[in-house]
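*Asks:* Protein chains in written order, with full-length UniProt numbering: chain A, 1 to 652; chain B, 1 to 652.
Just so you know, not all the hints are guaranteed correct.
Identical copies look the same in the list; a pair holds intra-copy or inter-copy alike.
Straight-line C-alpha distance at most 27 Å; calculated DSS-like pairs for lysine-lysine [what the hints assert, rightly or not]: (1) K613 <-> K308; (2) K544 <-> K38; (3) K228 <-> K489; (4) K544 <-> K588; (5) K42 <-> K498; (6) K498 <-> K613; (7) K591 <-> K454; (8) K498 <-> K55.
FYI, nobody ran anything at the bench for these hints, they're computed from the structure.
2 protein chains.
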Amino acid sequence: MEPNANNNMHPDNCLGITPMEVHKVVPPPHRSTIQKLKSKLKETFFPDDPLLQFKRQPLGKKWILAAQYVFPILQWGPNYSFKLFKSDIVSGLTIASLAIPQGISYAKLASLPPIVGLYSSFVPPLVYAVLGSSRDLAVGPVSIASLILGSMLRQKVSPINDPLLFLQLAFSSTFFAGLFQASLGLLRLGFIIDFLSKAILIGFMAGAAVIVSLQQLKSLLGITHFTKQMGLVPVLSSAFHNINEWSWQTILMGFCFLVFLLLARHVSMRKPKLFWVSAGAPLLSVILSTILVFAFKAQHHGISVIGKLQEGLNPPSWNMLHFHGSNLGLVIKTGLVTGIISLTEGIAVGRTFAALKNYQVDGNKEMMAIGLMNVIGSATSCYVTTGAFSRSAVNHNAGAKTAVSNVVMSVTVMVTLLFLMPLFQYTPNVVLGAIIVTAVIGLIDFPAACQIWKIDKFDFVVMLCAFFGVVFISVQDGLAIAVAISIFKILLQVTRPKTLVLGNIPGTDIFRNLHHYKDATRIPGFLILSIEAPINFANTTYLKERILRWINEYETEEDIKKQSNIHFLILDLSAVSAIDTSGVSLFKDLKKAVENKGVELVLVNPVGEVLEKLLRADDAHDIMGPDTLYLTVGEAVAALSSTMKGQSSSYV
Amino acid sequence: MEPNANNNMHPDNCLGITPMEVHKVVPPPHRSTIQKLKSKLKETFFPDDPLLQFKRQPLGKKWILAAQYVFPILQWGPNYSFKLFKSDIVSGLTIASLAIPQGISYAKLASLPPIVGLYSSFVPPLVYAVLGSSRDLAVGPVSIASLILGSMLRQKVSPINDPLLFLQLAFSSTFFAGLFQASLGLLRLGFIIDFLSKAILIGFMAGAAVIVSLQQLKSLLGITHFTKQMGLVPVLSSAFHNINEWSWQTILMGFCFLVFLLLARHVSMRKPKLFWVSAGAPLLSVILSTILVFAFKAQHHGISVIGKLQEGLNPPSWNMLHFHGSNLGLVIKTGLVTGIISLTEGIAVGRTFAALKNYQVDGNKEMMAIGLMNVIGSATSCYVTTGAFSRSAVNHNAGAKTAVSNVVMSVTVMVTLLFLMPLFQYTPNVVLGAIIVTAVIGLIDFPAACQIWKIDKFDFVVMLCAFFGVVFISVQDGLAIAVAISIFKILLQVTRPKTLVLGNIPGTDIFRNLHHYKDATRIPGFLILSIEAPINFANTTYLKERILRWINEYETEEDIKKQSNIHFLILDLSAVSAIDTSGVSLFKDLKKAVENKGVELVLVNPVGEVLEKLLRADDAHDIMGPDTLYLTVGEAVAALSSTMKGQSSSYV
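In isolation and in its complexed conformation, chain A is listed as follows (with noise of 0.2 Å):
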C-alpha cells in the first residue's frame, strides 16, 4: 500500500477527524429487562398509543374521553346538525335502494332464506352507528363472506334437507366470526389482517368474483339441478350438463337486465356524479321485473321467483346457537374464515375513506365495533355483515358525512320488512343474478394488477397464486396458498439477508454500494460490508459463508489485489437493528475464520440493543477493542489506514 493512501482518500479530510480523534460507539442508556419488555410490548401492541390523550387530564375529563373512546357516536353526536343530515338522508335513502336487493341477493349467495338478508341490513347498522368510527363505511352483507360462509357450511349440511340446522349453524358463525373479531380488537392483534397483502387481496377478490359470477349461471340459465360445488370446472361441466334444462325466457330476461345494469354501471364509473344510476339501477330492475312476471304470468313459463317471503322484524336467534355438539368444530372454522375475510374488507374499506377525507380509523376499535356488530346480529337473525366496499363508494359519493346514513338505511329496511314484503313474492331470481355478477365485476381491478406486475413481479405471483387458488381449488386454500408464499418470502429475505460491499464516493466520507454507484472506489486493503437484516438463527450459517465468499473473491479478483492485500474486514452494522445469541457466536466465529486469513474484523455502529448484546457476550473482549469499534466506516478506515501504514512503513 502507498504511504499516502490515507491522504488519497480523504483529500479534504477536515471534519474533525484526524485518524488518532474518532468517535467513540458508547453503549445504550441502561434499561432493566421488565422497562425493555414494558417498551417492547408497548411497541408491539399500542404502536398507536391510545392512552396519549387520557394525559395531564383531569379526572372527569379522563370519564367523558373514555366513553367517547368506546362510543365514538358521543364524539360527533353533540354537534350534529340538520345541515348534515340533509346530506346523510339522501345518502342513506341510496345506500338502502342498493342495500334492499343485494341483502336477498346476497342471502340467496349463501344458501340462505332472502329474508335474512334484509334483517342483516336492519340491526348491524344500527350497531355500527354507535361503535363504529367511520363516517363512509355502508355496513350490510357482502358478497366474499357469504360467499365463503355459503361453501363451507354446505360441506357438512344441505341448506334443502335441513334449513333449520344450516339457519343455526349460519347464526352461530357469524357469533364466532364477530367474537373473533372484537377478540383481535381486544387484545389488539389487528396485525394479524395485515398479512393479507395488498396483492393477495386483489387476487383474491378477482378470483371470488369469477367464483360468485359463475354460481349465477344458476340462476342466469334457469337451471333447477346445479351442482354445489364452487371450482371453475364442476360449475362449468354443471351448466353445460344441464343444457336441456336451460330456460330461453330467464335468459333472455337475464341478458336484458345484465346489459342494463352494466350500462348503469359504465355511466357511474364514467361520471362519478351519476352515482345514482348504478345506485338506483338494482331497485329498478327489481321493480320492473317484478311487474313484468306479474303482468304476464312469467312464473308459469319457467321463470323461477323468490316467492312468499314473511313480513316483520328480525325475530331473535340467541337460543339458535351452537356452542357444542358435532358442528362446533365446522362452526367455528368458518367463522374464523369469513371473520377475517369480512374484517380485512371492512377496515381496508374504512381506511381507503378516511383517507380521502382525511380523518383517522383506529384498526383495533373498528374491529371491535364489526366484531359486536356480528354478536349482537347473530342473536338477532342476521348473519356476516361488514363494511361492503361497492355501497360504502356509492355512500361517500352520494355525500353521506356521519353514520347516521346507516341509520337512515336502517329504518328505510325496516319500513320494507314491516309492509313491503309481499311485493317481493314475484320478483324473479334471474335478476338478483344479474344484480349479484354487476357487483362483483368491480371486485376484478386490472389496473391495479397492471401496477403491481410493473412494481414488484413477486408480488404478481403472488395475486396469481391467490387468483388461481380460489378459482381452480377452493376459496379458503387459494387465500391461505397465498398467504403462506408471502410469509415464506418475509422468512427467505430474513434467512438470506443482503450483504452489500461498500466503496467510498471520492471526494467524500460517504461509502455506499459498489454495484450501484459505479463511481464509488475500493480501498486498497479494506473489503467493508453492509449486512441489511438482523441477525439471528436463521441466517448465521449463511452469512459466514457469505462473507468469507467475499474474501476469496476479493481475493481471487486480480487488478484488485494487485493493489493491495485484504487487511481489515470493515462489517457495517447500522441496519442490524436485532440479533440473538446465535447471531452473536457469529461474530466469534468470523473473527477466528478471517484471523486465520490475516484479516482483521471490525464492527461499524451497532444500533443499540446489538450493541448491548454483544458487549454482554464478549467478556474477553476480543470482539470489541478499541481498535475493532468505529462508529462510522468513514472513522473506521481513516483511523485503520494510518495503522496500515505505520506498519508498512516499519516493516519496508
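Put chain B on the given structure of chain A with help from the hints.
*Replies:* Positioned in the frame of chain A, the structure of chain B alone reads:
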C-alpha cells in the same frame, strides 16, 4: 429558526457540500428481470458458489474436480500416508470400543434387536468414509434419533407383538430419512435445518436426555412391566407403581456401573488427555458385567441379559422396505422427523470440529453424504445413523486425521459381528442402561443455557419451551413449539420494525439514534427517522401509524416545539433492504398524510432494489422530486435548512 442555523450545525462543513452542491441518488445499473431472478436464485441456493473453483480450468481438470467434489476421498486419498494411518488406527479402535456397547444400547432404545445397532455401525461408516467431507465425524446410531424412531413407530406397532413389521417400518423410515436428507442437500435447501437454532437445540437435547434417562429406569430398576409412553409423568408413575418388580440385584449392579462410568466421564472431562478413560469405560463395563453374570449365573437371580445374538454380517433388507400400504404415512413422517434431527446433529458436529481444525465442511454436500449413507443403510439392515457428538469428540481427542478412522471402526465391528457375538449373550441390560444414561448426560449443557440467559432472554424462553415441551408433551411437539415461537419472533420483528429518531452528533455530519447517543441533538424543524427493516405488507400499516405518532409526539414535546415547528420529515432508508407494492404505497399515503400537517417528506439513501421500485411506481415524480431525495442525512439537512432559511427570510 435562526438565520445562521445551518452554519451552527456544520461548524466545519468543508466536505465540499455547500447546501446547493449535493450528491445525487442515481438509480442502480439496469438489469433485466431474468438477470435479477438469476442472481436472486444464486444468492438463495448457492451462497457458497460451489462452481467458483471450476472457473478458468481446463476440461480434464474440471472432471477431476467434479469427481473430487462428489467423492471427497479422492481429494485426501492420494496424499494418505502411513503416519496418518497410525493416528487413524488408534482413534478408530478407540471409537470402536465405544461404538459396540453404544450400538447395542441405542438399538434397544429404539426397540430394535440389539444386533441392528451393530449392523448400523458397520455399513454407514464405510459409506461416509467415501462421501463425507468431515475428518472427525464418527458415524453410527445416536441416542436422540433412536429415541424418536422408536417412540414414533411404537405409537402404531408393538415391537413385542409384531417384531418383524416393526423392523420393516424402522428400515423404511430410515430409507425416507435418507431420501429426505439427500434431497435437502441436492436441492440446496440446507437452510431448513438452520431453523433449529442453538437455543432450541440446547433445550431440546436436554429434554431428550431427561426422557432417555427416564426410559432407562426400566433396565436400571429391573422392571418387566413398563409403560410405553415417553413423558415424565407416566414414566415416573409407572416406575413407582411397579415397585414390587424392582430387583435389588439389578439396582445394585446398575448403581455400581453407573458410578464407575460417571467417574470415568468426570476424569476425562477434567483432563482431556485421559479421553481413553471414558472411551474405554463402556466396553470395560460390558466385559466386567458379562463375566460377573456368567460367573454367578446372575441371569437366574433377577438380572435380565441380552440373550443369544446371531453371528454374521448385515443381511440385505431392501425387500423389507414399505413403499405402500397403511403404514406409509407413519413411515414418511418418522423418516422426516428423524431425518431432520439426525441431520442437524451430524452437520452441527461436523461444523464444530471443522472450525476447531480450521477446514471447511460444505453443509449441502454433507447432507447428501449422510442421506446416501442412510439410503444404503436401509437396504443393509441398518437404521438411522449420523455423526454422533460424543463419539466424534472421542475421535477428535484420540487424534483422528481422516475418515479412515471410521473404516477402522467399521472393520472392528465387522470382526465382532463375525466372531464375537456369543460373548454378548450374558451381557446384562442394566449395564446398557447405565451406558446410555452416561452418554446422554453429556447432552445437558448448563453453561450454554446460562450464557443464553445472559445474552438474550427471549432465546432463553424458546429454550425452556423446547425443554418442557419435550419433557411433558412429546419430542416432536416440543420441537415444533420451539420452532414456531422462533419463527413468530422473526415475523414479529418484521411486523414491528424499529424506527429510530436520529440526531446530529455535534461537530460532525454523523446522525445517530437520539435515545442511544445522549450527545446527539435534534435539528430544529427536522424529524429524522431511520427505518430498520424491509417495508412490506406486514408492516406498512404499523409504520404509517408509528411515523405519524412520532410527528405527534414531536409536536407535543413543548421544549422542542418552542424552537421550531416541524418542517421536514426525513426518512433514512439505508437499512430498508427490500420493499414490495404495499411498501411503495406507504410512501404515497405518508406523503399525503404529512402534507396535511404542513410537513414535507424527504427520503435518504434508498438502496438498489428499493430505489428502483420507488422510481417505477412514482410516475408523477411526486414522491421523489429533486428536493426530496438525498444521498445522506447530512446533505439533506444542509440543503433543506438553507431553503428553510431562504423561506423564512423572504416571509419574515
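*Asks:* With reference to the structure, classify each hint as holding or not holding.
*Replies:* We went through each hint and held it up to the structure:
1. K613 <-> K308: neither (72 Å within a copy, 57 Å between copies)
2. K544 <-> K38: Classified as between: cross-chain Cα gap 22 Å, same-chain 33 Å, threshold 27 Å.
3. K228 <-> K489: neither (35 Å within a copy, 42 Å between copies)
4. K544 <-> K588: within (11 Å within a copy, 38 Å between copies)
5. K42 <-> K498: Intra 30 Å, inter 12 Å, cutoff 27 Å: inter-copy only.
6. K498 <-> K613: Intra 22 Å, inter 17 Å, cutoff 27 Å: intra and inter.
7. K591 <-> K454: between (43 Å within a copy, 21 Å between copies)
8. K498 <-> K55: between (43 Å within a copy, 24 Å between copies)
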